[in-house]
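2 protein chains.
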Amino acid sequence: MTPYTNMFHLKFLLQEVHQVNDLFSLEKFSHLNWEQVWMIVESAKLLADRDMAPFFKEMDETPARYDGKGGVVTHPQLKTIIRQAAEQGWIGGAAKFEHGGLQLPMMIYNAGQHIFQAANNGCQGYFSLSAGAAALITSFGNEEQIKTFVPHVYEGRWQATMALTEPQAGSSLTDIVTSARLVGDGVYNIKGQKIFISGGQHEACDNFIHLTLARIEGAPPGVKGISLFIIPKFWPEKDGTLKYNDVFCAGDFQKMGQRGYSTTHLAFGDQDNCRGWLLGEPHKGLSYMFQMMNEARIGVGQTAASVAMAAYQASLQYANERPQGRLPSEKDPMKPPTMIINHPDVQRMLLTQKAIAEGALSLAMECNRLYDLAHASSGDEQHSSWLLLEILTPIVKTYSSEHGSRSAALAIQILGGYGFTTDFPVQQHYRDLKIMSIYEGTTGIQSLDLLGRKVMMEKGKALHELLKAVGDTINKADTYEVLKPYAKNLRDELQRIQSVLVHLGKFATAAELDRYLSDAAIFMDQISYVVIAWQWLKQATIAYTQLQSANFSMQVREFYEGKVHTMKFFFRYELPHAEACAKTIMDPEFLTNLKKREVFV
Amino acid sequence: MTPYTNMFHLKFLLQEVHQVNDLFSLEKFSHLNWEQVWMIVESAKLLADRDMAPFFKEMDETPARYDGKGGVVTHPQLKTIIRQAAEQGWIGGAAKFEHGGLQLPMMIYNAGQHIFQAANNGCQGYFSLSAGAAALITSFGNEEQIKTFVPHVYEGRWQATMALTEPQAGSSLTDIVTSARLVGDGVYNIKGQKIFISGGQHEACDNFIHLTLARIEGAPPGVKGISLFIIPKFWPEKDGTLKYNDVFCAGDFQKMGQRGYSTTHLAFGDQDNCRGWLLGEPHKGLSYMFQMMNEARIGVGQTAASVAMAAYQASLQYANERPQGRLPSEKDPMKPPTMIINHPDVQRMLLTQKAIAEGALSLAMECNRLYDLAHASSGDEQHSSWLLLEILTPIVKTYSSEHGSRSAALAIQILGGYGFTTDFPVQQHYRDLKIMSIYEGTTGIQSLDLLGRKVMMEKGKALHELLKAVGDTINKADTYEVLKPYAKNLRDELQRIQSVLVHLGKFATAAELDRYLSDAAIFMDQISYVVIAWQWLKQATIAYTQLQSANFSMQVREFYEGKVHTMKFFFRYELPHAEACAKTIMDPEFLTNLKKREVFV
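The listed protein sequences correspond, in order, to chains A and B.
Per the working numbering, residue 130 is the first one in the first sequence, and the count goes up by one each step.
Per the working numbering, residue 130 is the first one in the second sequence, and the count goes up by one each step.
Incorrect hints may have been included.
No copy labels: a pair is met if it fits in one copy or bridges any two.
Taking lysine to aspartate or glutamate pairs in the EDC-like style, the calculated list, with each CA pair at most 16 Å apart, reads [claimed, not checked]:
| id | residue 1 | residue 2 |
| --- | --- | --- |
| 1 | Lys320 | Glu346 |
| 2 | Lys460 | Asp304 |
| 3 | Lys198 | Asp151 |
| 4 | Lys198 | Asp621 |
| 5 | Lys198 | Glu216 |
| 6 | Lys724 | Glu690 |
| 7 | Lys697 | Glu718 |
| 8 | Lys140 | Glu295 |
| 9 | Lys724 | Glu687 |
| 10 | Lys225 | Glu284 |
| 11 | Lys225 | Asp375 |
| 12 | Lys464 | Asp304 |
| 13 | Lys460 | Asp643 |
| 14 | Lys353 | Asp461 |
| 15 | Lys697 | Asp716 |
Since the hints were made in silico from the structure, they are not lab data.
Every value quoted in this text rests on a predicted model; they were computed, and no experiment measured them.
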């Protein structure tokens, strides 16, 4: 089997870099210890090896497809995958005991998901969607709603989804028109169309629970008039029977990647007979939905990192096994060819991938840890964790997806012509990855969120938390002679971010808001380089500390040396582009404010 | 029909930027004038609109596939396309009159090919391969060989291919083992396997002529022992009959893109009955092949630019027609949504695409012009054109393919979720484009060619020609106040390239050759930014000159203004990354020389 992740590295991230053990002293996680959670993570690997990875290619080659009459045909293995994952706790595992969960920290739950994402990202989507939607019901639903829906979802028998996008509105949720008319007791008559509903219909589950944004008649315009509804495809009656609820799947989008994952078009209430159950209070739907949305954004970022990891692992294996060519210094054509991993340019491509995939995964784990602290700790720690998570969420989502695609392109490049063929998985990784910069808000949307909301929130406190966290890592690195230059480099980059924000600050008034935000995507790129450099300096400092103090097997020593080496590589090959981004932003001319769009002629 | 190129822009490149009219004063092209050649180019557009563009999606969805017994099933339209293209001169058009061609300048021939590449890049491959292979026969073959093969190829009845890659050798032609044993009179018995042979078998032609690299028994090792053979699938006997020549198609690779284009595995001499006809002299095969290879590299670069152009045009149309969201400064949700082209970030993505696609296409046209001068002019002009073309060839190939992929990713991004679906062409552009950085030598190979051969050739004369050409453009731009800062910026970047080369020069000894070349790909990226900046400054200077001197319709004025604007955009958003590349290269540590490959653990 082609390798798709590195368990030793995952353990390093959990145990040494992001210190999952800290969490076990919190009351919520006091029932756990390291040995237990690592066994749980290892069980995910067994499951992925047996039931997911072997079907990665097949599920791409037999895409989910609409049957013309409301159904979506999916690969038969999907049912096994969802049921097995549910049985082992990989749908409801992060939920509280009272809701039938294992009360796992998000770090552990998502360490398992990472394995699934790397093994077969399309099918992992089904259960992370179910988990996120069920969590929304447990957060904001009443007891009856929780009891009615959540257990079925955690058992993997019912699929839960999130239904936001409408054909005419796209990313603009302000313009949602799906309507809801009260018919009594929290139940509404629903009418509307939703598109791009992942997992909205397939053959592996018996029922579909759509958490749907809609507008109650008479609601205020804009996002302040949006409510959230639970709309099951089959309504569970009091007597336990299921009754068709006028939720019709009208199509399944065919895509360039994630082809085994259904992407449906849903019509609610074509026969005027669709009921939705209001979740929480009216008009607060968007803020509720953002619980799931924020988790989903971290999840998409982590998925992108995981798929990039799988492509890296596949190309690394190939580079280690494929003899081809000789070094430029070797002029004798009679000498046998060398393994391609010995070519400096192949090493460059591997190190770039390692830097991106492992850097992004480390950031995702940082976010998972912050999620746990924001939910299970208290006081200042809770608030500062939440603030830091808020500012990192658009970054982990965007960096991992944008640079993940670049990383997978290098995996193809290492395989050469073979990489472009369906005989190898890297082209599928590349295709699958492309959606990650679009899911749950495009890179453009994430960048507006970062610069327009997160940088400014609580008078810059979230940004302050970020600067402080990076500063802590810099201070630790500064204690080692070898790491000092990198610590200084990162400190300079923090300073550069502040200069850019001072420059942009001039435009952060209502009158020039469009100008302020116009280069948000470039600012995103700049800060992303710095944040990933932080993750690398953090990993390298820990690895370097280990190298000073202990005796290891050769392999472990090389692992730590590889960490320090890759940190240096990232600082040398990637980080200089942060300065280029700053240069772009600081330029005085406003070039993307074309009233005369005809210059595109 | 979704637009795929811009004829007004193509005319601008041919007539104003690269002054095709100059060529008509050369004897070889003295039979032509502007009106004629533009009519020829326009005929390509009609053909592409009618016979190619409408089948772009279909040919992707019904990929070329092996029939299990030596044949490759292709889309029925392919036959019409090849015959129509042949009839209108789009296979043999650049050949001399004496070989049945129209003696068109490469600029005009490739202006037509650009249209086909943008309309349906997979099918254009078939005829550019035939054209290149036939040109090789006319260059190095004897009269009988030319008479026997070339007319059939130009008629589009026989497909010609290039057969280099072998399974065990990949990019390393040194390691070719296909063997040739003399059986008499220039004819050899051939035995061997070739893979990734584009157009090696399909349903639209009656015969296949494989220009094949093989090693004559007893030949010296390495590339100096490689000869070039014409190996037809069916051997044309003296009496005009065709006899099966033991060339068996053993498979067709399935790919992530260019799916309508066959990519075959060929077995020569399985029955010990395959004859090859030596082309030119023994052991000179590789140098002959490089005629075709160099043209093919420019062709691949141009194709990448053309596909990026098609993706840009499709996303531009979408951005002009799709209402969604409001500007950040607009807080009223009751206001109707704006067209997405009005969002600064969408403008940024469109301008980035325009800058890449039009910049790369301009560079391809520069190369086509140099090709014409190197073949049809004389004396110093001929030699300096050839030198400049030599150094630009790996650059146009690499920049267009690497940045073209980035450009098509932005096209997907503009369409959001729709861009990922097969309902829109941009995802196909993105998939098709990925092969361009692998065809005819990967980015790694091109970068070694640039830094290891081209920069050093004739004691740096090729590089000198490049610096001189860029300097000429800078001097012209310097005469306008508005363009001065950009001229200065580009001059600084030329200086930076020289500093980098001085730095690298320290390693350019035999002992440190591996180190010298280790960052060749980063140097490629650096010089590419500068070369495309040159093309933009050239276009902008011409556009700005026009804006000073003449009265135009509003539309033409906006076109010129758009050129100046996009130049500014490129200098601000793209060019700063050249400095980042230089910083990477100048770092003293050698990080991609890992003897201990285990750091990848």
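A quick look at each hint next to the structure:
Proximity of Lys320 and Glu346 under a CA criterion of 16 Å is satisfied intra-copy only: 11 Å inside one chain copy versus 77 Å between copies. For a Cα distance limit of 16 Å, the shortest separation of Lys460 from Asp304 across copies, 13 Å, qualifies, whereas the shortest one inside one copy, 66 Å, does not. Proximity of Lys198 to Asp151 under the C-alpha cut-off of 16 Å is found in neither arrangement, the shortest distances being 52 Å within a copy and 63 Å between copies. In this assembly of identical chains, the alpha carbons of Lys198 and Asp621 never lie at most 16 Å apart, being 60 Å within a copy and 64 Å across copies at closest.
Proximity of Lys198 and Glu216 under a CA criterion of 16 Å is satisfied in neither setting, with 31 Å inside one chain copy and 47 Å between copies. In this homomeric assembly, Lys724 and Glu690 come within 16 Å of each other (Cα to Cα) only across copies, at 13 Å, whereas the closest approach inside a single copy is 54 Å. Taking CA atoms no more than 16 Å apart as the test, Lys697 paired with Glu718 passes between copies only; the shortest distance there is 9 Å, against 35 Å inside one copy. For the homomeric pair Lys140 and Glu295, neither the shortest alpha-carbon distance inside one copy (41 Å) nor that between copies (41 Å) is at most 16 Å.
Taking CA atoms no more than 16 Å apart as the test, Lys724 paired with Glu687 passes between copies only; the shortest distance there is 12 Å, against 57 Å inside one copy. In this assembly of identical chains, the alpha carbons of Lys225 and Glu284 lie at most 16 Å apart only when taken from the same copy (15 Å versus 73 Å across copies). Taking the closest pair of Cα atoms, Lys225 and Asp375 never come within 16 Å of each other, the shortest separation being 33 Å inside a single copy and 70 Å across copies. When the C-alpha separation of Lys464 and Asp304 is checked against a cutoff of 16 Å, the pair qualifies only between copies, where the shortest distance is 10 Å, while the shortest distance within a copy is 67 Å.
With identical chains, the CA atoms of Lys460 and Asp643 are at most 16 Å apart between copies only, with a shortest distance of 12 Å across copies and 58 Å within one. With identical chains, the CA atoms of Lys353 and Asp461 are at most 16 Å apart between copies only, with a shortest distance of 12 Å across copies and 73 Å within one. With identical chains, the CA atoms of Lys697 and Asp716 are at most 16 Å apart between copies only, with a shortest distance of 11 Å across copies and 30 Å within one.
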